[in-house]
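Trainee: Whole structure, please, built from the sequences with the hints as guidance.
Here the protein sequences line up with chains A and P, keeping their order.
Residue 124 in this note's numbering is what sits at position 124 of the first sequence, and the numbering runs on without skipping anything.
Residue 650 in this note's numbering is what sits at position 78 of the second sequence, and the numbering runs on without skipping anything.
Don't read these hints as lab results, they were simulated from the structure.
One or more hints might be untrue.
[Claimed, not checked] Quick look at which bits of chain P chain A covers, simulated, 3 or more residues with Cβ under 8 angstroms:
#1 582-591
#2 616-622
#3 625-632
[Unchecked claim] Away from chain A, derived, C-beta distances all over 12 angstroms, residues of chain P:
#4 M573
#5 K596
#6 E642
#7 V644
No experiment lies behind these values; they were computed from the predicted model shown.
Just so it is clear, CB atoms sit at the ideal spot from N, CA and C, and this is done for glycine as well.
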Amino acid sequence: MMISGIGVSPGIAIGKARVIKKQAVVLTGTLLLNDDEITIAIEKFDNAVAVSVTEVETMMASHDASQGSEGIEILEAHIELLGDPQIREDVVEKIQTERKNVNDAVIEVIQAAVEIFKSMDDDYMSARAVDIEDIGNRIIKNLNPVKEAIDQIDEAGIIIIAEDLAPSDTISMDITKVAGFATQIGGKTSHAAIIAKSRGIPAVVGCGVDLKSVQDGDNLILDGQSGSIIINPDKETLKDYETKRATWLKELNLLKSLKNTPAQTIDGKEIHLLANIADSAEMENALEFGAQGSGLFRTEFLFLGRNDFPSEDEQFEFYKAVALKAKGKPVTVRTLDIGGDKQLPYFNFPEEQNPFLGYRAIRLCLDRKDIFITQLKAILRASAFGKLKIMFPMIATVNEIRAAKEILKEAMQMLTDQGISFDKDIKIGIMIEIPSAAVIADLLAKEVDFFSIGTNDLTQYTLAVDRMNEKIKDLYDPFDPGVLRLIANVIEQGHKNNIEVGMCGELAGDPKATLLLLGMGLTEFSMSASSIPVIKSKIIKTSLTEAKKIYEYVRQMDNSKDITNYLQNKTQ
Amino acid sequence: MISRDYIITSAEGIHARPATALVKLTKNYKSVISIKKGDKRVKLNSLLNILSLAAKGGETISIIAEGEDETVAMEAIDQFFNEHLKDL
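Mentor: Here's what the structure looks like:
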């Protein structure tokens, strides 16, 4: 039988089910009869809080440092919540004026607080309801003589099945023995999801009531990627998943071992590995893969799937979210790159014979200054919240970049006049994706702070090949000597003029190309986040001297087939 | 009475960790210190109240300190928002 939920922490877990049941918290409805009982009730509350604080302090003291700081911080917050003056005030109020018994008073106060948090539109905050519920349960438990102990885990490789997991549940568990989690309720930011992700334990949340059919001791397979749970699988399925699990563990180890490893060659050359992203969620995910920022933030995402251009404020919020998620790491924001194959339903593009050679990207933006300046102002405003750079796509001539810079200056002046803060030293760069730009890289370098080579379009334009055309698509090859010479020229001219040169096209994430590009002198590679560990593994195993030799050798070759074969051998 | 405005610079806003630190910090001073977002104002001694403000990254809040040691208290708050918050 199979159950589906939301996969929140990828990986495969195989093990026996351990079903955790919670003691029900119920209102009794009995009222206090006199002032003496009121005094006693308040004393009981204060005592229960004191015992609860001691319990949490004991848990903190026995907290293993190897379990990470996540747990300790949650416990510290719990101590504050237990002694929270607002909670006490509300409980005392219910006891004194409404004559509620202490048990009911606590339940009602906690319930009210939980409701407030659950109703917040912020996922993180609404997930904190669990913390409030948790300290409430702890106080109630200590008000009543019946002691409820969380199941002690005595065997390795178990899968925890619960309605939901409270922070104190996971802290008192021996996490090293837990192979996976599955909960009935919860979403991507629920406590169970956060803990599972931070520990790399596969987890599925939000499975619904179906999860109740799982019995203690059932054999389970849990897939934290697809969000599925298989109960008592047959031998074939089990074997299948054992293989999948082995592969996952291998990849996980590679990732883990590399995440904090600097991308440095054997001879000490530091290389920057960045991620191509489309929104703040991707930025956050990229950091998990060890990205040192984003070399290409495609802003089109916000413009698609809607009925009108997004307002300046809306764009500002979108860019700001990315800037904040990058936590001070650089993010290169590419201005609107629409037209060609990227159409907007609310913008009338003229019919064109050759859309790829037509009215698109910077050409459209320079023509429609209203659209352009709105975006530039939004990016500038967001630059106050992180380290943003601005990059213009499809630059073919020096005049285009000059015109774009003029409009940027205008946008800056408008913000200054409005008294809105932004990064006045924001770095400005261009995509090099048109052959003419690659050829005049020396001239363009004098106009900007950085170049980013877009290999997809550069290949297509250099070889004059439409890669969507089945008949000629074999001609599309970034390893063609014509394309490689252009790339090498851009890097060389960039360095001569002391500006940064990066690459954000597909070639940057192709392990075959890594050594060659290093040899050309490229120091910044931006790619899809999941490619970063693989590229990093190539960089840390090579030296710059070796890479230069490879480049020198490739320079002598006259066709892409030989070059690809040679690089393939060198990469293995 | 001293009042100052701050823009929350951390991505997650005032979530559990910085809020806990803020409550602990407040306990060192005799002044009554409160936090205000929009027209909602609560005392800084309650984690529950601070969290229920749901102050997010990029939003503006005000801190109000009133009492004999309000100047030193505000200095500590200043340091918290300008230096420590982004690391929490």
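Trainee: Now, for every hint given, state plainly whether the structure supports it.
Mentor: Checked hints:
1. Counting residues of the segment 582-591 of chain P whose CB falls under 8 angstroms from any CB of chain A gives 8; the rule of at least 3 is met.
2. Chain A is given as covering the segment 616-622 of chain P, and this holds because 5 residues of the stretch bring a CB closer than 8 angstroms to a CB of that chain, at least three being needed.
3. Proximity of the segment 625-632 of chain P to chain A, defined as three or more residues with a beta carbon under 8 angstroms from a beta carbon of that chain, is established by the 4 residues found.
4. Under the 12 angstroms C-beta cut-off, the non-interface status given to M573/P relative to chain A holds; the minimum distance is some 21 angstroms.
5. For K596/P, the non-interface assignment is contradicted: its Cβ lies about 7 angstroms from the closest Cβ of chain A, within the 12 angstroms cut-off.
6. Every CB of chain A is more than 12 angstroms from the CB of E642/P (nearest about 20 angstroms), matching its label as outside the interface.
7. Look at V644/P: its CB is around 22 angstroms from the nearest CB on chain A, clear of 12 angstroms, so calling it non-interface holds up.
In this structure, the one hint that does not hold is number 5.
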